[in-house]
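Asker: Sequence:
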Amino acid sequence: MPELPEVETIRRALEPRLTGARFVAAETHPSDKFTDARLAVGTTVTNVGRRAKFLLVGLDNDHELVIHLGMTGALYLGDPLANEKYVRASWELDDGRTLTFDDTRRFGRVRYVRTGDYSSMPTLHNAGPEPFDPSFDGPHLWQAVHNSKRHIKTQLLSQKPVAGVGNIYADEALWLAQVNPAKRSITKAQATMLAEAITEVMESALANGGTTLRDYKNLDGGEGSNQFQLHCYGRSGSQCDRCATVLRLRVLDARSTTWCPQCQPA
DNA sequence: GTGATAACCTGCTCGC
DNA sequence: TGCGAGCAGGTTATCA
1 MPELPEVETI RRALEPRLTG ARFVAAETHP SDKFTDARLA VGTTVTNVGR
51 RAKFLLVGLD NDHELVIHLG MTGALYLGDP LANEKYVRAS WELDDGRTLT
101 FDDTRRFGRV RYVRTGDYSS MPTLHNAGPE PFDPSFDGPH LWQAVHNSKR
151 HIKTQLLSQK PVAGVGNIYA DEALWLAQVN PAKRSITKAQ ATMLAEAITE
201 VMESALANGG TTLRDYKNLD GGEGSNQFQL HCYGRSGSQC DRCATVLRLR
251 VLDARSTTWC PQCQPA
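Using the numbering used here, count along the first sequence one by one with no gaps and you end on 266.
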């Protein structure tokens with residue numbers, strides 16, 4: 001499930017290889033989620049950026065392709081995929097290569113928008129600061145969450161306090177900051193610890209090339225290695241690395257959530 | 001405006 | 001072995 005570190009890993013690999021290439025043809029799945037991909041035909045890629053979990057492919061006509069990988073999306077650049085069963089969009093480039101968007105569950109999407117106009121994508125439009133942005137710190141996080149009555153984890157997943165956090169890194173950051181995911185209010189001190197934890201787990205995951213649990217693949221089809229560094233997510237029933245208490249699992253706002261009842265008291 | 005919930009999807013796991 | 005149910009989860013739409 002690509003979150004910020006996974007999308008950024010893909011972006012870093014994609015930008016030098018795709019910039020300057022021209023889209024000469026495109027084919028898509030008939031779903032409205034993907035048909036925008038055809039609108040890029042005839043344009044040239046000027047840059048590849050990222051905001052939150054969205055890839056932003058800049059084009060030379062003042063437009064962008066906005067690509068969200070959803071749960072199972074992956075991009076490949078090179079020859080067309082041998083197995084086209086789950087190909088949702090593919091672009092033929094002027095140098096003979098093919099950019100392929102493969103997405104088994106079809107949770108991903110492709111949009112063609114004016115550069116910077118994300119009004120049709122509310123999550124992107126309203127996304128908070130990046131975790132590596134100097135403006136993201138404890139005071140900002142506390143200010144963003146302290147008036148809400150929602151669970152702190154649910155607020156993180158909303159992308160509004162900070163961009164790019166998904167279920168894996170939300171669990172990891174809350175564990176690192178020793179904050180219970182079901183809390184509906186946190187102190188300023190906890191907000192500072194949580195902001196630092198979010199930045200730390202994101203930096204670590206990025207350095208490890210992302211987390212591959214099931215579906216995530218980088219641009220070359222390889223896997224990340226951050227799954228070997230996880231302390232909390234997916235480890236329910238195992239002992240906490242900090243206090244040896246058995247980690248618990250619950251469903252919080254329809255999201256599986258792992259936490260340590262000792263380190264992260266309610 | 002805010003919060004809660006359903007829908008979208010399909011491969012995988014588990015129990016019978 | 002085969003079948004069905006349940007689960008995984010990011011974003012959007014809808015309703016209260």
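Treat the hints loosely; a few may be bogus.
Unchecked claim - Below, computed lysine-lysine pairings styled on DSSO-like, alpha-carbon distance capped at 30 Å:
no.	residue 1	residue 2
1	Lys-160	Lys-33
2	Lys-160	Lys-188
3	Lys-160	Lys-149
4	Lys-188	Lys-149
5	Lys-149	Lys-85
6	Lys-183	Lys-160
7	Lys-149	Lys-183
Hints in this document: simulated from the structure, not taken from any laboratory. On a predicted model such as this, the values are computed, not experimentally measured, just so you know.
Asker: All hints, please: hold or fail.
Answerer: Now for the hints, and whether the structure bears them out:
For the hint pairing Lys-160 with Lys-33, the CA-to-CA distance comes to about 23 Å; that is within 30 Å, so the pair holds. Annotation: proposed proximity of Lys-160 to Lys-188 holds, straight-line Cα distance about 18 Å (limit 30 Å). Under the criterion of a C-alpha separation no larger than 30 Å, the hint pairing Lys-160 with Lys-149 is consistent with the structure, at around 14 Å. Note on Lys-188 and Lys-149: the hinted pairing holds, with a Cα-Cα distance of about 16 Å set against a maximum of 30 Å.
With a CA separation close to 43 Å, the supplied pair Lys-149 and Lys-85 exceeds the 30 Å bound. Restraint check for Lys-183 and Lys-160: the C-alpha separation of about 17 Å stays at or below 30 Å, so the hint holds. Straight-line distance between C-alpha atoms of Lys-149 and Lys-183 comes to about 9 Å, which keeps the hinted pair within the 30 Å bound.
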